[in-house]
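Please arrange chains B, C and D on chain A, whose structure you already have, making use of the hints.
Residue numbers (my numbering), protein chains in the order written: chain A, 1 to 300; chain B, 1 to 300; chain C, 1 to 258; chain D, 1 to 258.
Note that these hints are calculated values from the structure, not bench results. Keep in mind that the hints are not guaranteed to be accurate.
Stated by the list, open to error - Straight-line distance between alpha carbons at most 35 Å, and here's what the computed DSBU-like set of lysine-lysine pairs gives:
(1) B:K145 with C:K224
(2) D:K124 with A:K67
(3) B:K68 with A:K145
(4) D:K124 with A:K136
All values derive from a computational prediction rather than experimental measurement.
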Amino acid sequence: MTKVLALSEAIAKFVNDGDTVYAAGFTHLIPFAAGHEIIRQGKKNLTLARATPDLIYDQMVAAGCAKKVIFSYMGNPGVGSLRIVRSAIEKGQLEWDEYSHFGMITRLQAGASGLPFLPMNQTGAADLEKANPNIKRIADPFGGKDVIVVPALNPDVAIVHVQRADANGNSHLWGIIGEQKEAAFAAKKVIVTAEEIVDESVIRSDPNRTMISEIVVSTVCHVPFACHPSYAQGYYDRDNEFYLAWDKVSESAEATKQYLDDWVFGVKDRNEYWQKLGAETHKRLEVPDLMSEPINYGRY
Amino acid sequence: MTKVLALSEAIAKFVNDGDTVYAAGFTHLIPFAAGHEIIRQGKKNLTLARATPDLIYDQMVAAGCAKKVIFSYMGNPGVGSLRIVRSAIEKGQLEWDEYSHFGMITRLQAGASGLPFLPMNQTGAADLEKANPNIKRIADPFGGKDVIVVPALNPDVAIVHVQRADANGNSHLWGIIGEQKEAAFAAKKVIVTAEEIVDESVIRSDPNRTMISEIVVSTVCHVPFACHPSYAQGYYDRDNEFYLAWDKVSESAEATKQYLDDWVFGVKDRNEYWQKLGAETHKRLEVPDLMSEPINYGRY
Amino acid sequence: MSEIKYSSAELMIINAARLLRDGDVVFVGVGQPNLACNLAKRTHAPNLVMIYEAGVIGAEPARLPLSIGDPTLVSGSLSVVSMYDIFTNYLQRGNVDVGFMGGAQIDKYGNINATVIGGYDSPKVRLPGSGGSQEIAAWANRCYIMTPHQKRRFPEKVEFMTSAGFIGGRGDREKAGLRGGGMLAVVTDIGIMEPDESGEMMLTQLHPGKTSEEARANTGWDLKSASSVGTTDPVTESELRILRDELDPTGIYLKGAS
Amino acid sequence: MSEIKYSSAELMIINAARLLRDGDVVFVGVGQPNLACNLAKRTHAPNLVMIYEAGVIGAEPARLPLSIGDPTLVSGSLSVVSMYDIFTNYLQRGNVDVGFMGGAQIDKYGNINATVIGGYDSPKVRLPGSGGSQEIAAWANRCYIMTPHQKRRFPEKVEFMTSAGFIGGRGDREKAGLRGGGMLAVVTDIGIMEPDESGEMMLTQLHPGKTSEEARANTGWDLKSASSVGTTDPVTESELRILRDELDPTGIYLKGAS
Numbered sequence: 001m002t003k004v005l006a007l008s009e010a011i012a013k014f015v016n017d018g019d020t021v022y023a024a025g026f027t028h029l030i031p032f033a034a035g036h037e038i039i040r041q042g043k044k045n046l047t048l049a050r051a052t053p054d055l056i057y058d059q060m061v062a063a064g065c066a067k068k069v070i071f072s073y074m075g076n077p078g079v080g081s082l083r084i085v086r087s088a089i090e091k092g093q094l095e096w097d098e099y100s101h102f103g104m105i106t107r108l109q110a111g112a113s114g115l116p117f118l119p120m121n122q123t124g125a126a127d128l129e130k131a132n133p134n135i136k137r138i139a140d141p142f143g144g145k146d147v148i149v150v151p152a153l154n155p156d157v158a159i160v161h162v163q164r165a166d167a168n169g170n171s172h173l174w175g176i177i178g179e180q181k182e183a184a185f186a187a188k189k190v191i192v193t194a195e196e197i198v199d200e201s202v203i204r205s206d207p208n209r210t211m212i213s214e215i216v217v218s219t220v221c222h223v224p225f226a227c228h229p230s231y232a233q234g235y236y237d238r239d240n241e242f243y244l245a246w247d248k249v250s251e252s253a254e255a256t257k258q259y260l261d262d263w264v265f266g267v268k269d270r271n272e273y274w275q276k277l278g279a280e281t282h283k284r285l286e287v288p289d290l291m292s293e294p295i296n297y298g299r300y
Numbered sequence: 001m002t003k004v005l006a007l008s009e010a011i012a013k014f015v016n017d018g019d020t021v022y023a024a025g026f027t028h029l030i031p032f033a034a035g036h037e038i039i040r041q042g043k044k045n046l047t048l049a050r051a052t053p054d055l056i057y058d059q060m061v062a063a064g065c066a067k068k069v070i071f072s073y074m075g076n077p078g079v080g081s082l083r084i085v086r087s088a089i090e091k092g093q094l095e096w097d098e099y100s101h102f103g104m105i106t107r108l109q110a111g112a113s114g115l116p117f118l119p120m121n122q123t124g125a126a127d128l129e130k131a132n133p134n135i136k137r138i139a140d141p142f143g144g145k146d147v148i149v150v151p152a153l154n155p156d157v158a159i160v161h162v163q164r165a166d167a168n169g170n171s172h173l174w175g176i177i178g179e180q181k182e183a184a185f186a187a188k189k190v191i192v193t194a195e196e197i198v199d200e201s202v203i204r205s206d207p208n209r210t211m212i213s214e215i216v217v218s219t220v221c222h223v224p225f226a227c228h229p230s231y232a233q234g235y236y237d238r239d240n241e242f243y244l245a246w247d248k249v250s251e252s253a254e255a256t257k258q259y260l261d262d263w264v265f266g267v268k269d270r271n272e273y274w275q276k277l278g279a280e281t282h283k284r285l286e287v288p289d290l291m292s293e294p295i296n297y298g299r300y
Numbered sequence: 001m002s003e004i005k006y007s008s009a010e011l012m013i014i015n016a017a018r019l020l021r022d023g024d025v026v027f028v029g030v031g032q033p034n035l036a037c038n039l040a041k042r043t044h045a046p047n048l049v050m051i052y053e054a055g056v057i058g059a060e061p062a063r064l065p066l067s068i069g070d071p072t073l074v075s076g077s078l079s080v081v082s083m084y085d086i087f088t089n090y091l092q093r094g095n096v097d098v099g100f101m102g103g104a105q106i107d108k109y110g111n112i113n114a115t116v117i118g119g120y121d122s123p124k125v126r127l128p129g130s131g132g133s134q135e136i137a138a139w140a141n142r143c144y145i146m147t148p149h150q151k152r153r154f155p156e157k158v159e160f161m162t163s164a165g166f167i168g169g170r171g172d173r174e175k176a177g178l179r180g181g182g183m184l185a186v187v188t189d190i191g192i193m194e195p196d197e198s199g200e201m202m203l204t205q206l207h208p209g210k211t212s213e214e215a216r217a218n219t220g221w222d223l224k225s226a227s228s229v230g231t232t233d234p235v236t237e238s239e240l241r242i243l244r245d246e247l248d249p250t251g252i253y254l255k256g257a258s
Numbered sequence: 001m002s003e004i005k006y007s008s009a010e011l012m013i014i015n016a017a018r019l020l021r022d023g024d025v026v027f028v029g030v031g032q033p034n035l036a037c038n039l040a041k042r043t044h045a046p047n048l049v050m051i052y053e054a055g056v057i058g059a060e061p062a063r064l065p066l067s068i069g070d071p072t073l074v075s076g077s078l079s080v081v082s083m084y085d086i087f088t089n090y091l092q093r094g095n096v097d098v099g100f101m102g103g104a105q106i107d108k109y110g111n112i113n114a115t116v117i118g119g120y121d122s123p124k125v126r127l128p129g130s131g132g133s134q135e136i137a138a139w140a141n142r143c144y145i146m147t148p149h150q151k152r153r154f155p156e157k158v159e160f161m162t163s164a165g166f167i168g169g170r171g172d173r174e175k176a177g178l179r180g181g182g183m184l185a186v187v188t189d190i191g192i193m194e195p196d197e198s199g200e201m202m203l204t205q206l207h208p209g210k211t212s213e214e215a216r217a218n219t220g221w222d223l224k225s226a227s228s229v230g231t232t233d234p235v236t237e238s239e240l241r242i243l244r245d246e247l248d249p250t251g252i253y254l255k256g257a258s
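Bound conformation, chain A alone (with noise of 0.2 Å):
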């Protein structure tokens, strides 16, 4: 009962507008191939969900995807401003809901644990719970100070990228785990993208890796280097001189359409873009081997 399907595939059976969709990642792992296949499905009218909404909502909300986003920390990491999302907030453009990122990681933990919410204790800085409604403060039944609560995230659909995973989606993800659990288990659909497809017996030989099984896994994609400019510890760096130059590419509108027509509309999918960034960038961004020891499980 495999449930590989290209990427293409999976986007376009899964993604649909109006959706709320959680790219997981927390600047590690951020799934830009699947970012870049909802931009060239135009869909429409999305809620974007994400801690940091990095590059890859800068540019699917330069592509005209979203009617939303929820946030907890809108900059271009390392960097400075994400300037697309920002400006089309301060234009009144876009539509945004916001919290910290212990309140944002709350609400899908909240999603993820099946609770309507979850309790955060106090911070003493109250403007964002004034702004937003939905945080909320209500008293400690045992009788201490009064907690914050925020509800629970339940996207629509999560996309998560894994180093490895089963073709029925049973992942092994390592190094930032950020949210990608969390993400995954609050959804109502999961796809999976990873850099590797493995025999299920890789996957049994440590199941304490597997954070994400297939019970909740809606289709697996196999899509190697699916993150650049963000990376997958171990297999490739993350492309900081990227990072640097979406900065000045963001900052013209007439730039931007040129990066989304080269780059996402102009490849047919995430190994044209790939091969297309070509072998220096390739080299720049390979890293050495460096293994963990493994461990023993026992055949018992």
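Just chains B, C and D now, with coordinates in the frame of chain A:
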């Protein structure tokens, strides 16, 4: 700054009469060696918290260490009744505080999170809620069904056995991980016992495997075979014969006293205990290797 | 053709196995439920996924597991997660199709007592308590129980409700907002009871050779029968062979009735 | 002996590094805070533990990290956990000693604005928002900020309170029940401001050659001075050598002032 102590020193230093102790491990990794050392040192008036009291608390209650148990399933796993704890409760000699597994683990998760409480959805089975004032019901501020809440559990000391730790307490553990992490973060002091003390470089070779970090660990003790008759995945098997035998031993106060005299007071430490078990038992509990596939972190 | 002989445990396990559907995600306990799942997996439900409250998903035990935390459940499984995660992300989130329940008493509305006989504060017999069953009963899509048909096990009303069936009737279960479908079958050594529209357990099937009188005589409430009571399919040699030769060759769980 | 030359960024980083104590668990950002921590670790605080909101604990980056999620933070670190765990088990639970803050504005009571200039609903300048800073400010034992001393960065009151310092004074912070000690030092290129008994930031130290007049002229509130304003120890060649040769050899974070 090594935190390594002999187990006897660790128990003397970190476990006080009257403490709430959480000896963690769901069936797996149960820290019997530490339990026996607590008995040998004659600690008194402890509140013993565990999802499943298992034989370790049966023995500690028999030895007179406990005034109270907090639990969610009081059985001899795979065998039946947990005679000593059960009889002490039936005779009114032992206080108790009871939850479902999820309620118990939720209390620990709240404690580990630094939260005063956490919610759970309703289960419709309200008798325990009526019997235990710590189980309360609050309104969902977002308009859904009422939820059940339980207060944080923050034990004075957690005892957590792991497969391998470095000298500062950074710990790799695998197999059934139960509530090991939650207990460690919820407790005020953490005693780690380990099958192996490894070089920090082994831990650093696989940081995603490190479930408990030095930041919360008070001391680390090198105690091979600390879990018998429970087990350590990949190191030795569970001694089911012992669990069956205990069902008989614990029927009689005399047999129980004899057991404690022979196997707890009659040995100096876990090494003597393990030697006393003898070569046949060692052989019976041996397990052939089954190694995980390593992963690549990359040398960045 | 010689008559096939089997124990009442074997009869219940085989009938429970038949309730499972291919692809089901089952929250399993050790012992008889584990045998029922493994039997189903080797017959009509090869894609059954077994998950355990200890946090193991997709176990493929190489030997008969003797406790809920047997290491054979872990080695070669698909995923191992914390107890908090198994109860939140899997069970409470609604990712479990079937829960197998146990308990000392089960009543007319499928409610279970696994906590206490006598008053809670001064128990006459203190039972193990809920473990995970309070939540499994509430949130798994379908719940089943296997238990010998004895009057003391089937009181009209449980003394303590550890886990909810239909509480005092289906309306109660809806009012509490529980996501799961509740206790959908009680498999005994006489037959199978299933809930009627009000949530009351009624006799719907009898094992070959058993009678509704036997069932009524061994039930603590006035057991109704379905308008047409069926007969369960006879136990097959193939089912027995898998159970006896492959799954429990030393007969640890197959011999007894409890 | 020639005069030692350094940028204002170097001056701030070196003074921030000196605030760290051996054994501190520090919630670090990239850029200047990362350099301050690594400098402290290589001088007086070898047992400093660096943790990142991305979930990395005990990072020992082999190269200069260029984002909060740089893979060099992961390889060879002590532990990597989920964001939910880093915010709950570490930060909210009280396991973090020091938090380094950033922000566009910091006011008289050490409150930070990193969210918006102009009204929240129709922003003039939309800033990145809290990220993790709302919780770090509330729950780390000690908070520090490094920022150039400019009037526009130091208004009397922030337009939007992204992260709490002492709110409207120490009493407010206590009333909210925050566990951390709040904003304990603001390191600028002129000197260091620390809270007085009421929680108001006052000038407590000046860097060599700087004056309290300069500090007052570049502060948006009526900046008080401590009864005796100290002078920070001069920047040493050894500190500069570590920063320039080992930590940021291409000068990415050392050159500018912001």
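Going down the list of hints, with the structure as the test:
1. Of the supplied pair hints, the one linking K145 (chain B) and K224 (chain C) holds, its CA atoms being roughly 34 Å apart against a limit of 35 Å.
2. For the proposed pair K124 (chain D) and K67 (chain A), the alpha carbon gap of about 20 Å is at most 35 Å, so the pair holds.
3. Straight-line distance between C-alpha atoms of K68 (chain B) and K145 (chain A) comes to about 28 Å, which keeps the hinted pair within the 35 Å bound.
4. For the proposed pair K124 (chain D) and K136 (chain A), the alpha carbon gap of about 27 Å is at most 35 Å, so the pair holds.
The structure shown violates none of the earlier numbered hints.
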